[in-house]
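Peer 1: One letter stands for each residue in the lines below.
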Amino acid sequence: MRIVIIGAGVVGLSIARVLSMYKGLDIVVVEKEPDVGWGASKANTSIIHPGHEEDPELHPLRARLCVEGNKLWRQWVKELDIPAKWPGELMVFTNSEEEKEALRYIDTARRNNVPGVRAVYGDELRRLEPAISPMAVGAVYAPTAGNISPFEAVAALAENLVENGGRILVNTLVKSVRIKDKAVEGVETSGGFIQADIVINAAGVHADEISHSAGVEEDFVIRPRKGEYIVFDEDTSVKPLRLLHTTPTSLTKGVYAITTTGGDLLIGPTAVDMPYELKEDTSTTLEGIEYLLREAGKLLRELPPRSLITRTFAGVRPEPPHGEWLIKVYEEPWGFINVAGIRSPGLTAAPAIAYYVADMISKSYAVSLEHRSDWKPYRRGFLRLHGKSLREIDELVSVNPDYGEVVCYCRTVSKAEILEAVKRIKTIGAQVTLDGVKFRTKAGFGRCQGSFCRWRIAGIIAGLEGKEMHEVVVKMERYGLGDVKKMLREGA
Amino acid sequence: METLVYDVVVIGGGPAGIASAIKADSLGLKTALIENRDILGGIPLQCIHPGFGIHYFKEDLTGTEFIERLIDRLRVSSVDVYTKTHVHAIDVIAHDEKIVNTVRRSGVTRFVAKTIIYATGARERHLYEIGVVGDRPGSGIYTAGEAQALMDIYGVLPGREIVIIGSGDVGLIMARRFSLEGARVKAVVEMLPYPGGLTRNIVQCLYDFNIPLYLGHVVTGVKGRNRVEKVIVARIGENGKPLKETEFEIPCDTVVVAAGLIPNVGLLEKIGVAMDPATRGPVVNELLEASIPGVFVAGNALIINDLVDYVVEQGELAAKGAKLFIENNGVPSVDWVRVEKGRNIRLVVPHYISGERDVVIYARVQQPERNVYVSIPEIGYFIRLTSVKPAEMLRLWIPGRILSRVDTRRITLEVKPA
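Just so you know, the protein sequences line up as chains A and B, in that order. Under this note's numbering, the first sequence has 476 at position 476, and the numbering climbs by one with no breaks. Under this note's numbering, the second sequence has 392 at position 392, and the numbering climbs by one with no breaks.
Heads up, some of the hints might be wrong.
One side of the interface only, derived from the structure: several residues of chain A facing chain B at Cβ under 10 Å [as the list claims (entries may be wrong)]: (1) Thr252; (2) Val272; (3) Tyr276; (4) Arg306; (5) Arg311; (6) Ser398; (7) Ser451; (8) Trp455; (9) Glu468; (10) Glu477; (11) Leu481.
Pairwise CB distance ranges, derived in the manner of DEER restraints [unchecked claim]: (12) Glu465(A) to Val112(B): 52 to 60 Å; (13) Glu471(A) to Thr83(B): 25 to 33 Å; (14) Asp55(A) to Pro212(B): 55 to 63 Å; (15) Phe209(B) to His212(A): 33 to 41 Å; (16) Leu173(A) to Phe209(B): 37 to 45 Å.
Since the hints were made in silico from the structure, they are not lab data. Owing to the predicted nature of the structure, the values given are computational and were not obtained by experimental measurement. Where a beta carbon is used, it is the ideal one built from N, C-alpha and C, also for glycine.
Please put together the full structure from these sequences, using the hints given.
Peer 2: If you want it as structure tokens, here you go:
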């Protein structure tokens with residue numbers, strides 16, 4: 001039985017992972033971008049939520065899968081060697097109104113069975129978080145919150161899927177779902193038709209379009225919601241231990257200030273509803289940045305100078321009607337499944353969503369899912385120079401001298417890691433790009449933002465692929481236009 | 001792990017590092033020169049334009065010619081050169097013992113040194129730290145140095161329709177280079193009301209190629225999904241903020257960020273060297289010794305220089321400092337006099353002087369001014385200049401006999417109308 005999953009984001013690949021555990025399934029993940037995880041999965045806050053912010057009456061499914069997902073990630077990050085930490089979250093309040101709002105989540109925590117959630121004040125708050133803002137009166141502490149490297153999570157899921165026999169087709173845009181005799185027959189793509197017995201729609205912001213093409217949920221419309229972020233360099237003096245979060249009120253959504261698994265200070269997101277046609281608009285704005293810096297003042301005792309900003313970015317999240325996830329198996333067309341409008345806490349819930357979908361497939365389509373005995377749960381992460389002791393580095397280099405060639409000074413990334421990234425990109429069937437290498441190795445994430453290393457990495461890739469340097473692709477297009485002298489001679 | 005012992009370990013194989021290594025060697029010090037890349041030379045390797053060596057070699061050379069001559073001098077010295085060697089961390093063991101831990105293809109090598117000359121150059125400011133917002137197209141955004149390396153080392157044309165942010169010398173030179181290679185530079189956009197580069201570069205790189213210079217303007221946004229499609233430019237108002245109503249678009253396929261350089265001091269920060277917020281480099285004395293004894297700093301890691309000749313001068317001075325340090329088991333303690341920034345002075349190096357020897361003071365003004373005295377009133381020193389500009393570094397040679405008159409704890413460098 002072939003299952004086509006549309007979208008190689010964290011949701012699609014989590015579903016693929018769970019389905020790959022079972023016998024007799026041919027899993028094909030179809031992705032329009034050149035690499036996995038290039039949509040909302042790459043550009044988000046990276047939080048694994050405890051589940052105390054999900055109202056169980058309004059959104060019972062979200063609440064349940066969020067709590068389950070938090071537990072599942074603890075296992076998955078170990079199996080897949082994904083950078084993760086579990087420092088707990090502080091929803092900070094700065095006045096009595098915010099306090100009232102924040103304390104309501106203690107009750108939600110109780111109803112969702114989220115452990116350890118309580119209010120902390122004064123000295124206890126300052127002990128929990130030395131970097132806390134003097135404006136903070138208290139906070140709701142949720143100890144089970146964590147954060148992961150979301151891109152590495154997606155890359156890890158992809159690698160593990162391929163190891164278990166699944167396939168990923170990149171640069172393949174699904175145009176429509178082909179239906180015949182009230183059942184799915186496959187998907188029409190930019191690369192031709194792909195037969196499928198089951199089609200799972202995990203197309204992120206574009207999931208409504210896919211659903212419409214399958215003839216279901218005509219009224220279901222995904223609104224793009226943009227979230228902007230600011231990243232400060234890992235060498236900033238202010239690095240929160242906990243995941244700090246302002247209290248969401250009727251006027252503002254919560255803004256986080258966290259230390260990422262890579263060691264950077266991340267502040268965000270904003271939440272701006274965008275016109276329907278701007279689903280791919282990840283532009284940043286001055287207003288967004290000013291807002292984030294203002295809100296971060298409620299969280300942190302001081303803000304690093306703006307000169308230490310290494311990056312601003314934005315992600316577009318799919319916002320479904322009434323915030324309701326659309327996870328549904330259809331009898332007509334038989335074989336079509338929507339996993340659409342997976343807004344926050346989608347990253348957290350992704351593993352639980354995956355098990356939920358597998359369960360629905362088995363129940364609704366009477367597919368008997370039998371565990372494979374040869375399924376491999378493990379994936380090994382990158383061996384990185386960054387953060388290693390001299391002795392460890394010496395050992396790494398003695399095994400592989402390419403570790404002794406440091407290409408990215410800011411984040412201490414070696415040639416060995418660049419080569420490893422290229423190898424892994426090829427293994428999952430994705431296209432080798434400078435951005436793909438950057439996100440896997442973190443080369444170019446630091447202070448210089450790649451001005452010293454990008455051309456060196458382009459040179460390494462060009463050498464490996466037998467290409468000219470200018471032909472190496474950054475993200476979608478080439479790094480340069482061509483050979484200077486040749487172009488000048490030809491009058492181009 | 002291999003351990004090597006030296007009098008001086010020079011970190012960085014650009015002009016400052018090479019010059020200091022040659023000098024240290026000539027002063028009889030056992031010297032190692034460490035460079036991350038597989039080739040010595042640093043940034044001049046990608047500078048095929050002239051303007052190098054007018055003071056030092058008394059000739060106008062290109063960057064590549066200049067660095068070749070310097071490397072030739074290095075070759076006949078007994079400096080041990082270690083390329084493809086990445087400095088991972090510095091350990092300060094004692095005032096006369098530091099360990100420079102490096103990563104090489106052969107493994108970790110520990111250089112034990114009495115003194116370090118830190119000459120790691122500068123990095124470029126990027127789009128995000130100068131606050132440009134908008135799209136982040138995959139292709140078409142480069143820092144000037146990256147574009148220069150691509151074009152002049154690898155022969156890759158980065159783009160055809162170029163907008164350059166920043167009118168410092170790097171930006172101006174790149175404008176000319178792009179024009180010469182058949183690309184069209186549609187604008188150079190400068191935030192300040194005056195150009196950031198030397199006048200000769202404004203004339204030779206912009207005017208001669210009919211490239212428009214927008215002073216007092218900023219790029220407020222970049223547009224384009226897969227590649228840059230255009231930039232949005234606005235004039236800066238009285239309040240220092242871009243005026244929305246003055247916004248206009250420039251279609252282009254490439255944005256080159258030439259918004260200034262920042263000394264590369266990461267390793268020094270990690271060992272706790274005191275920094276000057278004005279230069280963003282370390283606080284140093286007249287021998288270019290930083291706040292940790294035996295650590296000397298030269299070149300753009302110390303202060304952003306206009307001319308390679310000054311960089312080399314600082315390298316040689318640092319080597320003399322290292323010699324003095326080793327001979328005396330530390331730079332002899334004196335009652336250091338602090339050099340303060342007075343009227344219209346933005347930055348000054350060195351920060352401390354002793355009065356015991358001749359000193360070269362490097363400084364930049366805050367804003368352009370005509371017919372001025374540059375003076376240090378406490379010692380009765382002054383020179384008259386027809387104009388001063390932020391783009392042109394002031395280099396003042398002050399004889400030790402004048403400085404020895406100081407009887408205060410501080411002296412002030414200032415610019416005053418004549």
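Peer 1: Among the hints numbered above, which are violated by the structure, and what are their numbers in rising order?
Peer 2: When the structure is compared with the hints, numbers 1, 2, 3, 12, 15 turn out to be violated.
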